[in-house]
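Colleague: In case you want the letters, here they are:
2 protein chains.
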Amino acid sequence: MYRSHNCGELRIADVNKEVTLAGWVQKSRDKGFMIWVDLRDRYGITQLIFDEARTDAQVMQLAKSLGREYVIQVKGTVIERESKNNNIPTGDIEVLVKELTILNEAQLPPFTIEDETDGGEDIRMKYRYLDIRRNPVKNSLLFRHKVTQEVRNYLSNLDFCEIETPYLIKSTPEGARDFVVPSRMNPGQFYALPQSPQTFKQLLMVAGMDRYFQIVKCFRDEDLRADRQPEFTQIDCEMSFIEQEDILNVFEGLTRHLLKKFHNIDIDKFPRMTYDEAMRTYGNDKPDIRFGMKFGELNAVAQHKDFAVFNNAELVVGIAVPGAASFTRKEIDALIDWVKRPQVGASGMVYVKCETGGHYKSSVDKFYDQEDLAKWAEITGAKEGDLILILCGPANKTRTQLSALRMELGNRLGLRKPDEFAPLWVVDFPLLEWDEETGRYHAMHHPFTSPKREDIHLLDTDPGKVRANAYDLVLNGNEIGGGSIRIHDKATQELMFKHLGFTPEQAQQQFGFLMNAFQYGAPPHGGLAFGLDRLVAILAGQETIRDFIAFPKNNSGRDVMIDAPAPIDQAQLDELNLAITLKD
Amino acid sequence: MYRSHNCGELRIADVNKEVTLAGWVQKSRDKGFMIWVDLRDRYGITQLIFDEARTDAQVMQLAKSLGREYVIQVKGTVIERESKNNNIPTGDIEVLVKELTILNEAQLPPFTIEDETDGGEDIRMKYRYLDIRRNPVKNSLLFRHKVTQEVRNYLSNLDFCEIETPYLIKSTPEGARDFVVPSRMNPGQFYALPQSPQTFKQLLMVAGMDRYFQIVKCFRDEDLRADRQPEFTQIDCEMSFIEQEDILNVFEGLTRHLLKKFHNIDIDKFPRMTYDEAMRTYGNDKPDIRFGMKFGELNAVAQHKDFAVFNNAELVVGIAVPGAASFTRKEIDALIDWVKRPQVGASGMVYVKCETGGHYKSSVDKFYDQEDLAKWAEITGAKEGDLILILCGPANKTRTQLSALRMELGNRLGLRKPDEFAPLWVVDFPLLEWDEETGRYHAMHHPFTSPKREDIHLLDTDPGKVRANAYDLVLNGNEIGGGSIRIHDKATQELMFKHLGFTPEQAQQQFGFLMNAFQYGAPPHGGLAFGLDRLVAILAGQETIRDFIAFPKNNSGRDVMIDAPAPIDQAQLDELNLAITLKD
Chain G
1 MYRSHNCGEL RIADVNKEVT LAGWVQKSRD KGFMIWVDLR DRYGITQLIF DEARTDAQVM
61 QLAKSLGREY VIQVKGTVIE RESKNNNIPT GDIEVLVKEL TILNEAQLPP FTIEDETDGG
121 EDIRMKYRYL DIRRNPVKNS LLFRHKVTQE VRNYLSNLDF CEIETPYLIK STPEGARDFV
181 VPSRMNPGQF YALPQSPQTF KQLLMVAGMD RYFQIVKCFR DEDLRADRQP EFTQIDCEMS
241 FIEQEDILNV FEGLTRHLLK KFHNIDIDKF PRMTYDEAMR TYGNDKPDIR FGMKFGELNA
301 VAQHKDFAVF NNAELVVGIA VPGAASFTRK EIDALIDWVK RPQVGASGMV YVKCETGGHY
361 KSSVDKFYDQ EDLAKWAEIT GAKEGDLILI LCGPANKTRT QLSALRMELG NRLGLRKPDE
421 FAPLWVVDFP LLEWDEETGR YHAMHHPFTS PKREDIHLLD TDPGKVRANA YDLVLNGNEI
481 GGGSIRIHDK ATQELMFKHL GFTPEQAQQQ FGFLMNAFQY GAPPHGGLAF GLDRLVAILA
541 GQETIRDFIA FPKNNSGRDV MIDAPAPIDQ AQLDELNLAI TLKD
Chain S
1 MYRSHNCGEL RIADVNKEVT LAGWVQKSRD KGFMIWVDLR DRYGITQLIF DEARTDAQVM
61 QLAKSLGREY VIQVKGTVIE RESKNNNIPT GDIEVLVKEL TILNEAQLPP FTIEDETDGG
121 EDIRMKYRYL DIRRNPVKNS LLFRHKVTQE VRNYLSNLDF CEIETPYLIK STPEGARDFV
181 VPSRMNPGQF YALPQSPQTF KQLLMVAGMD RYFQIVKCFR DEDLRADRQP EFTQIDCEMS
241 FIEQEDILNV FEGLTRHLLK KFHNIDIDKF PRMTYDEAMR TYGNDKPDIR FGMKFGELNA
301 VAQHKDFAVF NNAELVVGIA VPGAASFTRK EIDALIDWVK RPQVGASGMV YVKCETGGHY
361 KSSVDKFYDQ EDLAKWAEIT GAKEGDLILI LCGPANKTRT QLSALRMELG NRLGLRKPDE
421 FAPLWVVDFP LLEWDEETGR YHAMHHPFTS PKREDIHLLD TDPGKVRANA YDLVLNGNEI
481 GGGSIRIHDK ATQELMFKHL GFTPEQAQQQ FGFLMNAFQY GAPPHGGLAF GLDRLVAILA
541 GQETIRDFIA FPKNNSGRDV MIDAPAPIDQ AQLDELNLAI TLKD
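Chains as they are written, first to last, in the UniProt record's numbering: chain G, 1 to 584; chain S, 1 to 584.
Just chain G, same shape as in the assembly:
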């Protein structure tokens, strides 16, 4: 061992101890006759002191040569500091150095190793091993470890068994795009990397394992949106002989445990909301309920006058922005411009200021009187001093637009507090959703989700209306997990594939192993998966996942540190019976 103590543990009680420390030079101050060095490791910072009067001249000389991020080992005596530093736990002491060894020199790092660094995202990713030395990243990784340990212990105590499922599986064109892996031993054939262990965990239920979990990497070859990664980590779970209520209880318990453990927050019972209600009230299936601004639908009280824009709209809907009646004309115009940006796509916005004394002032005063506007205020829940913002148009689109506006205002007004946690179950998701591009229905969750029994008769007549036994856990406006009660009999599974446009042959070829398994005694089962990267980020009060992943990829799916992906040797291609067909 190169050290007797780490850089975070010495205290006033250790004074006079002879110690050996090792770590990185965070910084040094050279006053000529005295040199102070902040020595850093994962556990903290300890101040070293080299003093002409008490330190050997040769050691003194060597100390003067130390550069930032040099790796050194020192032996010395713990002494009480003259001027204490209350900001760090070791701030009462320093180590008077007797011996100094340079273990490794360091080039000047390309950015400062400080909490607030001068390095941009790109350079930090290229030198991620230096970036991780910074407290914000280091602490994110340590926090992630703590969360996963808690999750594992919590689930293990509930008799969940972690079982590793294979990474080299079979490609299924349904759903997102697979990463594939050519097989050398089976020429012309490919494995696929799992998008999730879905079918395997269901087979484990057929196998009688009863309660399964796995913290597992999953892969999707998608064009990356901001903050998506081609490889990501799931807390994947499945249970047998349960109903939806049982799953919600178990994972509500897990989430409650994490909130208590890491934030000392007690949340009794998580609220629940149907998908329909979430869409109507927040325009969103993952509403952030830390703040209000619930949607008020105004058709009944806004389509009786001569305002054609409203009269022709499928939906007129507004929100009351608290305290925003004081917004200037310029500020409101900026908001109107904001909703008209192509990313939001509204064609315009109506506003109503709820001024003091119960007076309303709106951009449509020409069409509506005070009595009309009072009704709008009532429906949107607007109070004196609030600002009502109203959008109209096709129902779904308008809800999405108003939801975007609500979230933007939530951010701007500081209503999305990072230390507040508002979990919410959204239930009763639709089974199917219409896909414009392919002109057919897709499974909203996946093809193994069971329809609600009472809705099955709608599959032929009104497929979009069939509700699924599917649920999402939403935390602070982020979907952190989702799952469903699965189909567990062959007939229903075949019916589902039929409605998803599979021929019986396609269904058999791709998922025959699962439907076959259902014929050998499959128990009722269901489960859920949490996105670990996001869960950890949100638990840490942040929304970007990148700092919670040691070596993330950029938006082109590249690891810029190791420079991957990269070309491979012709010999490798030959062995795999592959040729590249790039026409460039």
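In case anyone wonders, no lab produced these hints; they're calculated from the structure. Think of the CB as a built atom: it goes at the ideal place given N, C-alpha and C, for glycine as much as any other residue. Please note that the accuracy of each hint is not assured.
[Said to hold, decoys possible] As a list, the in silico DSSO-like pairs of lysine-lysine whose alpha-carbon atoms are at most 30 Å apart:
1) Lys138/G to Lys217/S
2) Lys98/S to Lys146/G
3) Lys217/G to Lys217/S
4) Lys146/S to Lys146/G
5) Lys260/S to Lys490/G
6) Lys146/G to Lys27/S
7) Lys330/S to Lys64/G
8) Lys146/S to Lys490/G
9) Lys490/G to Lys498/S
10) Lys286/G to Lys353/G
11) Lys138/S to Lys217/G
12) Lys490/S to Lys75/G
13) Lys330/S to Lys490/G
14) Lys98/G to Lys490/S
15) Lys465/G to Lys417/G
16) Lys261/S to Lys261/G
17) Lys498/G to Lys126/S
18) Lys417/S to Lys330/S
19) Lys452/G to Lys98/S
20) Lys126/G to Lys260/S
21) Lys260/G to Lys146/S
22) Lys217/G to Lys146/S
23) Lys490/S to Lys126/G
[Unchecked claim] In silico negatives: residues of chain S with every beta carbon more than 10 Å from chain G:
24) Asp14
25) Arg467
26) Pro565
27) Asp574
Since chain G is already given, all that's left is putting chain S on it; use the hints.
Modeller: Chain S in isolation, oriented as in the chain G frame:
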């Protein structure tokens, strides 16, 4: 929840309770007026009783229809059994059924769901979800979970932080063959799946994470020998500011903890042996030291007579087989045939029977007298009643042959007891080994292993003699882990690549990111990886890993259950800019 209790928990104290159980029909006995059903789930078996006198006629009728592996739910009353079954924990009670629901029917399984099944390996793999219902496989998976939980908690308590490293990395032709993953977003380029997180864990040390571990899947595209898997799991660890001694201590502690926890065995200090000693004494770098039969080198006492076979041999070496002097001529001939099989490859074998009264009888009595043979007995440690078996030839080959014989005899004589655990550290491995095929030196562990400082000068003159700071943990004749102190400076790493036949450009292109990292303050570091699949199997007293993997692949790398790998769509190939060049 479909049940109030599981099938393993009801006891005599539960008599008179109204309970609901769910599970699989293990078997049923129909006596006409009474039917007994063994209901099984992961937790155990509970006997159900349907009694004409006490059970509704309709339920009775339904019970008669139950087939093996049907999934059912029953409601009933716990009653005391008339004839108790002491073999199962629930054997004092049975459940008198009032209501019966068939949750799912089952086709007759293709093999019996019993501890000793009638199903062969192939059919069990195809229906692995049924195979896992059998206790031996189910318990193996549950045991694996317990071991991994212990490992995680043990290492976490020692401040090790589990950090996920990427699965989509860069191919490096050094070492075993990579599985590669074509990148759609970076046409013509490929990721590789990691053979181990080696470089990433070293970068985490450069990053200051100090103590890392990860239980992680690794991938090697090798022609599969028996009991190898293309994907396998490692307990991967790395530490900074340590020396070899520190790493051995930590992982000896972990192993000791597991042996104590799962077998209540206390092993104080693990023995250590150098690689040279292991090869000389056991002909093997992973000796099973649960039994003796150490090698005795006989050159000095066997090359002084007219026996040309011995005189011309580089090495004459023997072992004393305890109590085997009683072997018949036929048995000994069979052993001679065994060592002459091509898999072993010896050209012959000499034997000496150590008979009672201090008399020796050998197959070379023509050449050697009793005094000679007494010396052989002394050197091999043979006692009265033992049989000395002697091979000769080129030193390395002969040692390997004698080692194979020793292991075979250890098995035959029952000396390799599954409930005995004999760990051993093998240290001071050679840095390089000569590869006949490529005509150059390869790294025996990997190119990042540091040479012993005192041997570096031999790199140019006698590379095969350079010892590495490398060590293996051996348990019962199996290598369960290995590791090394790493190189942590660019100059030594460059020197190493040079001796492995890399041009500076190749080294830079493939491992530039690591050597670059070493220039920014790399701490001294080292680590180790345990093979989890094997560790778990050996801890369970078994040597084949397949039952400890939920969904293993066969020797052609196929998952016969899901039928992977498989061809993919032309559209997928096109998107990846790939063509298959099979000439067939």
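Colleague: Measure nothing beyond the straight line between the CA atoms of lysine 498/G and lysine 126/S; if it is 30 Å or shorter, mark the hint as holding.
Modeller: 26 Å, holds
Colleague: Taken at face value, is the distance from the CA of lysine 490/S to the CA of lysine 98/G at most 30 Å?
Modeller: 29 Å, holds
Colleague: Taken at face value, is the distance from the CA of lysine 27/S to the CA of lysine 146/G at most 30 Å?
Modeller: 45 Å, violated
Colleague: Is the hinted pair lysine 217/G and lysine 146/S satisfied, with a Cα-Cα distance of at most 30 Å?
Modeller: Distance of about 21 Å is within 30 Å: holds.
Colleague: Is the Cα-Cα distance between lysine 138/G and lysine 217/S 30 Å or less?
Modeller: Holds. Lysine 138/G to lysine 217/S sits at ~24 Å (cutoff 30 Å).
Colleague: Hey, lysine 465/G versus lysine 417/G, does the alpha-carbon distance stay inside 30 Å?
Modeller: Given that 30 Å is the threshold and the Cα spacing comes to 36 Å, the pair is violated.
Colleague: With d taken as the least Cβ-Cβ distance between aspartate 14/S and chain G, does d exceed 10 Å?
Modeller: 19 Å, holds
Colleague: Do the alpha carbons of lysine 490/S and lysine 126/G lie within 30 Å of each other, as the hint requires?
Modeller: 18 Å, holds
Colleague: Against chain G, does proline 565/S keep a CB gap of more than 10 Å to every residue?
Modeller: Non-interface label on proline 565/S violated, nearest chain G Cβ at 4 Å vs cutoff 10 Å.
Colleague: Could you grab the alpha-carbon distance between lysine 146/S and lysine 490/G and see if it respects the 30 Å cut-off?
Modeller: 34 Å, violated
Colleague: Are lysine 330/S and lysine 490/G close enough, with their CA atoms no more than 30 Å apart?
Modeller: 60 Å, violated
Colleague: Mind checking the alpha carbons of lysine 260/G and lysine 146/S for me, to see if they're no more than 30 Å apart?
Modeller: 26 Å, holds
Checked against the numbered hints given earlier, the structure breaks hints 2, 5, 6, 7, 8, 9, 13, 15, 20, 26, 27 and satisfies all the rest.
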